[in-house]
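Line by line, the protein sequences are chains A, B and C.
Take 841 as the starting number for the first sequence in the working numbering and just add one per residue.
Take 4 as the starting number for the second sequence in the working numbering and just add one per residue.
Take 94 as the starting number for the third sequence in the working numbering and just add one per residue.
None of these hints come from the bench; they were simulated from the model.
This structure is a prediction, so every number in the text was calculated from the model and none was measured.
Using N, Cα and C, we set each Cβ at its ideal position, and we do this for glycine too.
Careful, some of the hints might be misleading.
[Claimed, not checked] With beta-carbon atoms standing in for the labels, derived distance ranges: (1) Gln188(B) x Ala911(A): 47 to 57 Å; (2) Asp934(A) x Val679(C): 20 to 30 Å; (3) Val136(B) x Ile854(A): 49 to 59 Å; (4) Arg373(B) x Val679(C): 25 to 35 Å.
[Said to hold, decoys possible] Below, simulated DMTMM-like cross-link-like pairs (lysine to aspartate or glutamate); rule was C-alpha separation at most 25 Å, straight line: (5) Lys444(B) x Glu291(C); (6) Lys655(C) x Glu363(B); (7) Lys462(C) x Asp200(C); (8) Lys655(C) x Glu299(B); (9) Lys472(B) x Glu291(C).
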Amino acid sequence: MEITLTHYLVLSTILFSIGLVGIMRRKNLLMLFFATEILLNAVNVGLAAISHYYNDLTGQLFAFFIIAIAASEIAVGLGLLIVWYKRTGSIDLDTLTSMKG
Amino acid sequence: MLDHILSILIFFPLLAAMLGFVVNKDSIRAYGITVTTVEFILSLWLWYAYDSSVSGMQFMENIELIPAFGIAYILGIDGISLFIIVLSTFITMIGIASLTDTKRVKNMIITLLVLEMTMVGVFASLDAILFYVFWELSLVPMLYIIGAWGGPLRIYASVKFFLYTFAGSLVMLVGMLFMAYFYYQATGEWSFSLLEWYRLILPESFQYWLFAAFFVGFAIKVPMFPFHTWLPYAHGQAPTIGSVILAAVLLKMGTYAFVRFSLPLFPDAAVFFMMPIAIIAVIMIIYTAMVAYAQEDIKQVVAYSSVSHMGVIILGTFALNVEGISGSVFLMIAHGVVSGALFLLVGVIYDRRHTKLMSEFGGLASVMPRYATIFGIMMMASVGLPLTINFVGEFLSLLGFYQQSHMITLLAGVAIIVGAIYMLSSYKKAFFGEVTKEENKNLPDVNKRELVALIPLVIITIWLGVYPKPILEPINNSVESIVQLMHDKAVTPEAKSAIPNLIKDDKLSSNMEAH
Amino acid sequence: MEMLLYIALFSPLVGSLFAALFTAQKKTLIAGVVPSALLFTSFVASTLLLIQVLQGNTINVELMTWMATGNLYIPFGFVIDQISVTMMMVVTLVSTIVHIYSIGYMDHDKSFNRFFSWLSAFVFSMMVLVMSDNFAGLFIGWEGVGLCSWALIGFWYHKESATWAANEAFIMNRIADLGMLIGIFLVYWNTGTLQYAEAFAIMPTLDNSTLTMIGIFLFIGAMGKSAQFPLHTWLADAMEGPTPVSALIHAATMVTAGVYLIVRSNELYDLIPNVGLFIASLGAFVAMFAASMALVNRDMKRIIAYSTLSQLGYMFAAAGLGAYWVALFHLVAHAFFKALLFLGAGNVMHAMSDELDPFKMGGLRKVMKGTFIMMTLASVALAGLFPLAGFFSKDLILEAAFAEHHFIIYSVLLFTAGLTAFYSFRLVALIFHGEERYKIFGIHPHEAYKFMLVAMSPLAILAVIAGSLKMTYFEMVTNLLPATEYHIHSHTTYWIMTIGTQLFVGLAIAFAYKKYIGKVKEDKEFEKRFCYKVLFNQYYIPHFYDEYIVKPYRELSYIFWKQIDLKIVDATVDFIGTSLYKTGEVTRGVQNGNLSTMLKWMVAGLAVLLVLAAMFTLVATNADFLLSVYHDLGA
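Looking at chain A on its own, in the form it has when it is part of the complex (with noise of 0.2 Å):
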């Protein structure tokens, strides 16, 4: 069997689903990276795909650009998670209320 576009693009889907999940369900901020990450990663699988299918280098050079972003904004959200921790002893999301409405 031959795999085609549709098969990483359902890949894809699947992945988003799986982070889109996991940043409504998990409470644990750590976890909650993770599936930012899975989501970024969801779409970069979208982006080589069909950058290869239309011989384009656009859509690959895109996923490296998000590789790039995605590495410095978990290196910044790491340390505030951290800074966090340190603060409150604790990096569950439902303590981060001080923006309360």
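Dock chains B and C against the given chain A, drawing on the hints supplied.
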């Protein structure tokens, strides 16, 4: 100096207000009186320099602010705005002179000076955006006056006042932007200049919508029924000075804007909406007069009477002929003087008794004869007795509208009956009868400071009632040019026939155009 | 001559302002004397003007512009012609006398100075009313007299009844003034001017319905000031004011302003005889209606007030029938004898310590000889016996009605003449004759000051001799008014009518004397009868007004305020405000600061957007198909 007199009139109070912060607290009252007197004298000079035989705008100033959008700093006055400016400076002066001892008197005087700037600004602006800026700015000092010095319900009253009028003027702003956009479409250039807008002839359907948008803003400000309910609260809670300025000048912004914007910009819409508005005016006149009759608080009587009188002004404005519009502009001045005086008078008794309920008084005529006399004169002026200032305006407004409709004028004329009913019965409750309350037996009569404010108002009331010419003539000339402009601009034949043509020779040709 | 005009006009104003200077101070005689002297000056000036007018000179001056805008031009213009000079004579003469009389009458009143200020102000307004040469000027005076009447009826402002009556008078007059104002508007928009001369010159060219409207609205104005049915109730209540006020304002001058207006507008009413007929019928009706109420009333001043009302009815009847000069003549004669009657009543009131019920008086002729003679004279004049003033003027009205073939009006007026004689002499008999009933109440009556009686004497003389001035007057006013002489065709009819009327009146007087001169017994049986009750309660009209107009108005006002203004209009506004506020309250739950919740909202929003995008794509791709379906549905 005369070239920039309008700018000076606008910014002198603002400058003085800023300097007021460094003035010593003990001398702030003298400072306030001095500044407002100088301002008043400047406005008198403006009147003196005004050429009443010219009907167009005078003392024009034009500085471009944002050329890309045609927003400019354009000032200018004609006979209509001139006297309202003089009225504003005069009432502010009188108000500060008669200011009773209040807490934070410094803040009060600075606020009043800023308010004076916005009032003069509104009446002198000839650019829609500039007008809008001053229009909205005027809310701020008033909000502060009611909210800081008001009665027990002051927060509710001031917030209601602010949000209600603000919501209305936002609709007006949308109307202005659309108007500018139409102007852009027609000419390819952006402009908010009123005089440029005057030249634009809009199709009827556009006129209806734009008229409606402006109407919302103006009607709330006037205030017209059923948008009037902020007014009794504002008056009921505001300190005396706040009520005086609110009734005398701020309400006039709405009626003035009708004459300045709605009529010349949208003549066909004005004719189209004339009858509905006249019916609202009649409701205002009769309904609020009856509500006034039911009041127990004498200040509320005067507050509701203001709404009733504003109905007559609106009716005169929408008579769309020279007699009616001149009458309504004159009545704006007259009502400013008379209602200002009435609120001052209510303030006099409030200072002494700290109550405004009429049932607390009774028999004041024998305790305070001078007060009763002045109140009586002002009451009779408010009722519209001939040879007082109000009569001239009311007579001309009603006379003007009679040309448009017999029945409506008959109903609106009921104003002179219902006006007499609530005024006389209030006067009777407060001043006639035996003195029943112990506290009232030794009330001091009006003192010098109060007389300083009241006597000029009495003199003006009678002087302009007997000899209205100095004011009526310039108003008449400017109104004539507006009516002629409206006639020329009108698109529909109905509007052409409803708005009189003042140039008699052109009657034939314009009739031919209409057909 | 212009100087004379201004002296006549402005002297009362100066007097009023002079007295006003003293209002805050204690009683000073000078505040009464100076206005009286100034009024006398005004009277002299008016007399000189009368002489000029008799020589055929009339003048029209313009003091200054009042209002000018658009095509409207209203000056302060004054005219001295035959009509206005007649009115000026009446006004200045009666008011001079009343002023002098008041110096005595108000002697003990602490507001003496204020009284003269208002009284002179009234005269000034009345002069403006009669001298103006345009409708707007007339309206100034019209409202001015209303104001002064308000202040003078409510002069004793500590009395609830007085202030109530004052307000009633003012408001009722205002109702009529609205009619007047509309009449003025009609005149302006149809003739383009408010000057009498110019407006009346244009009127014949107008169509009949417009003229009828003008006539009706102006007459509504006249009805208020002259207290014609149904706006009549204020006049009787106005008797709360001091008696000189009643004499001057509510008998001699102000209430006749309505008649003056009709006479002044004779050129208009000549064009619309139907309205004239209506005026005459209403006048005749009021004449009888008011006289009937006077028959049983037990308040001296109210009886005279009703008689005034009745006589005003006569004047309107005459004016309505086109006999303007007759109406004006009756106005003049009536002013003299009715003012006299009121001033006499004032003396009696003083003597009786402000007692007004004639049933508590009686036999006063012994102590008050002068007053007795003068009041009897006035009553004879009022009844219309030969050769006093009333005979000439009232008989002319009857003749006019007869000659114009309005026999119903004629018979009503004739019958009323009998009633007039009856109630006048009922009053005279009750006050001056019979037993001295006042003694039970411990009152010691005394005659008024001498100078008050002297002041009254010119009125008494005029009440006697006014009839002899008829021809001079006729020649003068017919320069301006239609000179219709009312001749009954055959001499026999004329004599039968005149003598018949006199006999009828005489009989009525005799009947009144017979009934009331002896011992007056309280006729309880009679007082229980329906017709007595109806008459005594003034046909229940005040009650009706109170119950069905005043009360509903008050209640409706409260409903408007409490129910509509606060509960509907304001509540709607507040509802909009609070609902916005509540929406915020509810939706702020969204912003709970929890990242997890926010992310869920974000996902939900994403889903909504995706669905929308899908829907739009579907619609866009199938647009042609959907449009065709839509058209099919439409067709």
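Against the structure, the hints:
1. Gln188(B) x Ala911(A): 47 to 57 Å: Given about 52 Å between the Cβ atoms, the range holds.
2. Asp934(A) x Val679(C): 20 to 30 Å: holds (22 Å)
3. Val136(B) x Ile854(A): 49 to 59 Å: The hinted range 49 to 59 Å holds for Val136(B) and Ile854(A), with Cβ atoms some 58 Å apart.
4. Arg373(B) x Val679(C): 25 to 35 Å: violated (58 Å)
5. Lys444(B) x Glu291(C): Violated. Lys444(B) to Glu291(C) sits at ~57 Å, over the 25 Å cutoff.
6. Lys655(C) x Glu363(B): Status holds; Cα separation ~21 Å.
7. Lys462(C) x Asp200(C): holds (21 Å)
8. Lys655(C) x Glu299(B): holds (12 Å)
9. Lys472(B) x Glu291(C): Within the cut-off at roughly 23 Å; holds.
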